[in-house]
Amino acid sequence: MLIESLVGEPEIVLVTPVAGASLDIPCNPSSCTPNVACNPNIFCNPFNCAPALRPCAPDAMPCAPIKPPQPPPPGPPKPPSL
Amino acid sequence: MVESVVPGIKEGLSNGDYCLASGVLFIVGAMRGAIYDLNTARVFSVDKKACEVLNGESGDGGKFWEKLAALNLATRDNLERRSILLELLQKPELQFVWFEIISDDCNESCAHCYADSMPPSHRKALGLPMGGYIPLEEAGETKTRSSKLTADKWKELIADVYSLGCKRCQFIGGEPFVYKGEGGESVLDLAENAKSTGFKFIEIFTNATLLTEEKIKRIKDLGINIAVSLYSKDPETHDHITNTPGSHRKTITALQMLKQAGIPTRVETVLMRPNEHAIKETQKLVESMGFSHKHPDVLRPKGRGDNPAISPSRESVVKYALMTSPNFSVDKETLSRYISGHSCLMGKITITDNGDILPCIFSRNFAVGNVQDSSLQEVVIGNKLETVWRATKDQVLVCKDCEYKYICFDCRPLSEGVNQGRGDYLSTPYPRCTYNPYTGKWAEGVWRLDDEGNPYYDETLKPIIEEVIATAKLESVQPTGH
Chain W
62 MLIESLVGEP EIVLVTPVAG ASLDIPCNPS SCTPNVACNP NIFCNPFNCA
112 PALRPCAPDA MPCAPIKPPQ PPPPGPPKPP SL
Chain V
13 MVESVVPGIK EGLSNGDYCL ASGVLFIVGA MRGAIYDLNT ARVFSVDKKA
63 CEVLNGESGD GGKFWEKLAA LNLATRDNLE RRSILLELLQ KPELQFVWFE
113 IISDDCNESC AHCYADSMPP SHRKALGLPM GGYIPLEEAG ETKTRSSKLT
163 ADKWKELIAD VYSLGCKRCQ FIGGEPFVYK GEGGESVLDL AENAKSTGFK
213 FIEIFTNATL LTEEKIKRIK DLGINIAVSL YSKDPETHDH ITNTPGSHRK
263 TITALQMLKQ AGIPTRVETV LMRPNEHAIK ETQKLVESMG FSHKHPDVLR
313 PKGRGDNPAI SPSRESVVKY ALMTSPNFSV DKETLSRYIS GHSCLMGKIT
363 ITDNGDILPC IFSRNFAVGN VQDSSLQEVV IGNKLETVWR ATKDQVLVCK
413 DCEYKYICFD CRPLSEGVNQ GRGDYLSTPY PRCTYNPYTG KWAEGVWRLD
463 DEGNPYYDET LKPIIEEVIA TAKLESVQPT GH
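In order, the protein sequence lines correspond to chains W and V. Per this note's numbering, the first sequence starts with residue 62, numbered consecutively. Per this note's numbering, the second sequence starts with residue 13, numbered consecutively.
Simulated from the structure, these hints should not be mistaken for lab results. Just so it is clear, the structure is predicted and the values come from calculations on it, not from any experiment. It is possible that some hints are incorrect.
Stated by the list, open to error - Covered by chain W, according to a simulated footprint, are these stretches of chain V (three or more residues, beta-carbon under 8 Å): (1) 48-57; (2) 71-79; (3) 467-475.
Claimed, not checked - Estimated spans, in silico, between C-beta atoms of each pair: (4) V:N205 - W:V74: 52 to 58 Å; (5) W:V74 - V:N395: 41 to 47 Å; (6) W:V74 - V:E327: 27 to 33 Å; (7) W:V74 - V:P320: 34 to 40 Å; (8) V:K296 - W:V74: 16 to 22 Å; (9) V:E464 - W:V74: 32 to 38 Å; (10) W:V74 - V:G35: 29 to 35 Å; (11) V:K229 - W:V74: 28 to 34 Å; (12) W:V74 - V:L101: 26 to 32 Å; (13) W:V74 - V:N466: 27 to 33 Å.
Cβ coordinates follow ideal geometry from the N, Cα and C atoms, glycine included.
Based on the provided sequences and hints, a complete structural model is requested.
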């Protein structure tokens with residue numbers, strides 16, 4: 062666990078594992094296969110590319126499947142062409 | 013500031029020059045505060061002085077706001093004032109059901125069984141009544157009926173669950189492969205029924221000792237998942253825990269068959285005193301066999317598991333169960349769940365073989381209804397279940413004063429079990445956290461309830477925590493928020 066001290070007073074410290082919180086590698090949920098977060102090392106994270114948040118729990122509970130990206134909502138119907 | 017729909021979370025705070033960026037949230041704890049950055053998944057801890065600056069209680073905060081801006085947490089832009097939390101709040105709906113089709117009977121007799129399942133012959137020899145781990149005469153409202161659901165009733169419930177929008181389920185027991193309906197139906201018949209009904213995720217939790225090639229072929233054809241308990245790499249230890257000679261060999265053989273058949277299977281290990289000496293080796297065995305597994309799940313004191321003789325050692329609890337340092341991250345989907353209701357319980361129920369509906373399979377003495385008395389829909393939309401589903405950490409003693417309460421996991425049956433009946437189901441403090449939100453310090457103790465039901469910070473574990481940390485015994489992958 063890495064806590065990166067960022068500034069002096071007032072104090073603010075990062076409490077997220079830095080590698081997992083990187084902005085350099087943006088998470089792309091569509092690249093994650095369903096339930097891959099249930100494979101080693103097994104955190105129930107809906108976006109498995111993002112840092113793990115919580116272990117699956119309790120013992121008998123499967124991880125939540127990852128929702129596929131949703132298509133954009135349909136816009137208003139086009140007016141009939143004249 | 014945007015008026016927040018979640019009282020504990022502040023959005024859009026501003027000092028006039030800067031304001032918190034969209035998706036950046038501020039949560040005040042008893043001593044410190046936290047900033048959740050939904051844009052980057054980062055979580056920051058801030059001290060009391062920083063809290064005062066953010067709350068506008070200190071006029072000396074310009075430089076701090078600049079630093080927040082440098083971290084992309086604040087901006088000078090004129091932001092549209094809208095609440096992101098309003099978009100994240102969700103209405104609890106049924107999402108997952110445990111069909112506990114056979115609560116009493118199992119072909120094994122595990123030392124820690126939450127349901128007190130065992131072979132009928134063992135029950136008879138011990139003089140125990142059929143009908144579950146709570147004798148009916150002692151159970152009051154908690155065990156409402158002794159008659160078992162029929163296979164037809166199970167099929168009706170499967171349809172009802174699906175009609176409520178739930179598409180994920182697990183069949184569990186006891187041992188589900190021991191189940192036999194009045195017409196000879198097996199768990200696979202019920203799973204097939206769920207499949208044809210439209211369920212997208214079906215899992216059977218089993219000890220796997222009764223699996224045959226024929227059953228495995230059917231599991232494969234049905235496209236369902238399997239979860240298996242393996243307690244040790246060591247046959248003697250496993251058989252000792254299951255109280256069943258030869259069970260390790262049968263489970264391992266079945267796992268090999270499942271692997272060969274390409275059936276999605278996970279293998280789980282409950283950590284307890286009898287197997288803690290070789291927990292790493294057991295997980296290595298699971299990995300070497302090509303199966304997924306989770307962090308070892310520390311024994312919950314439920315059913316026969318409520319037994320100090322098999323409780324894991326304090327060192328194991330520290331190593332495998334305690335959060336000893338902050339390790340948080342945040343995303344919209346998780347935050348959405350955690351601000352809307354209970355992090356684990358929301359959207360889930362267990363239906364036991366006598367029709368009791370439990371909020372969790374481990375909450376054995378907390379029935380929120382019974383499908384023999386009322387319809388499933390009545391229970392699911394009823395006040396009792398809604399109260400449980402909507403219970404956030406704002407209701408949990410100590411956690412309610414913690415700045416990480418909307419990103420930290422919670423387990424009610426564990427909290428209730430560890431505190432041995434002191435306190436309320438929904439408010440007993442979470443026993444796996446070492447954070448003291450009133451001092452801002454970690455790893456000096458854990459929270460428990462005293463006999464009057466008041467929380468206190470129990471520091472008796474402190475020397476062990478220090479020893480484990482100092483000797484670098486702490487697992488490299490710690491449980492986060494669990």
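Against the structure, the hints:
As drawn, the stretch 48-57 of chain V meets chain W at 6 residues by the rule of a beta-carbon pair under 8 Å; at three or more, the given contact holds. Using a Cβ-Cβ cut-off of 8 Å, 3 residues of the stretch 71-79 of chain V lie near chain W, which meets the minimum of three, so the contact claim holds. With 0 residues having a Cβ less than 8 Å from any Cβ of chain W, the stretch 467-475 of chain V misses the three-residue criterion, and the hint is violated. The supplied range of 52 to 58 Å is met by N205 (chain V) and V74 (chain W), whose beta-carbon atoms lie about 53 Å from each other.
Between V74 (chain W) and N395 (chain V) the beta carbon distance is about 42 Å. The supplied range of 41 to 47 Å therefore holds. The supplied range of 27 to 33 Å is met by V74 (chain W) and E327 (chain V), whose beta-carbon atoms lie about 29 Å from each other. Look at V74 (chain W) against P320 (chain V): about 39 Å separates their beta carbons, and that is inside 34 to 40 Å. With their beta carbons about 35 Å apart, K296 (chain V) and V74 (chain W) fall outside the hinted range of 16 to 22 Å.
The given range of 32 to 38 Å is respected by E464 (chain V) and V74 (chain W), whose C-beta atoms sit roughly 36 Å from each other. With their beta carbons about 20 Å apart, V74 (chain W) and G35 (chain V) fall outside the hinted range of 29 to 35 Å. Between K229 (chain V) and V74 (chain W) the beta carbons are some 55 Å apart, a value that contradicts the proposed interval 28 to 34 Å. Between V74 (chain W) and L101 (chain V) the beta carbons are some 29 Å apart, a value that agrees with the proposed interval 26 to 32 Å.
Distance hint check: the CB atoms of V74 (chain W) and N466 (chain V) are about 31 Å apart, consistent with the given range 27 to 33 Å.
Figure legend: structure checked against the earlier numbered hints; hints not met, in rising order: 3, 8, 10, 11.
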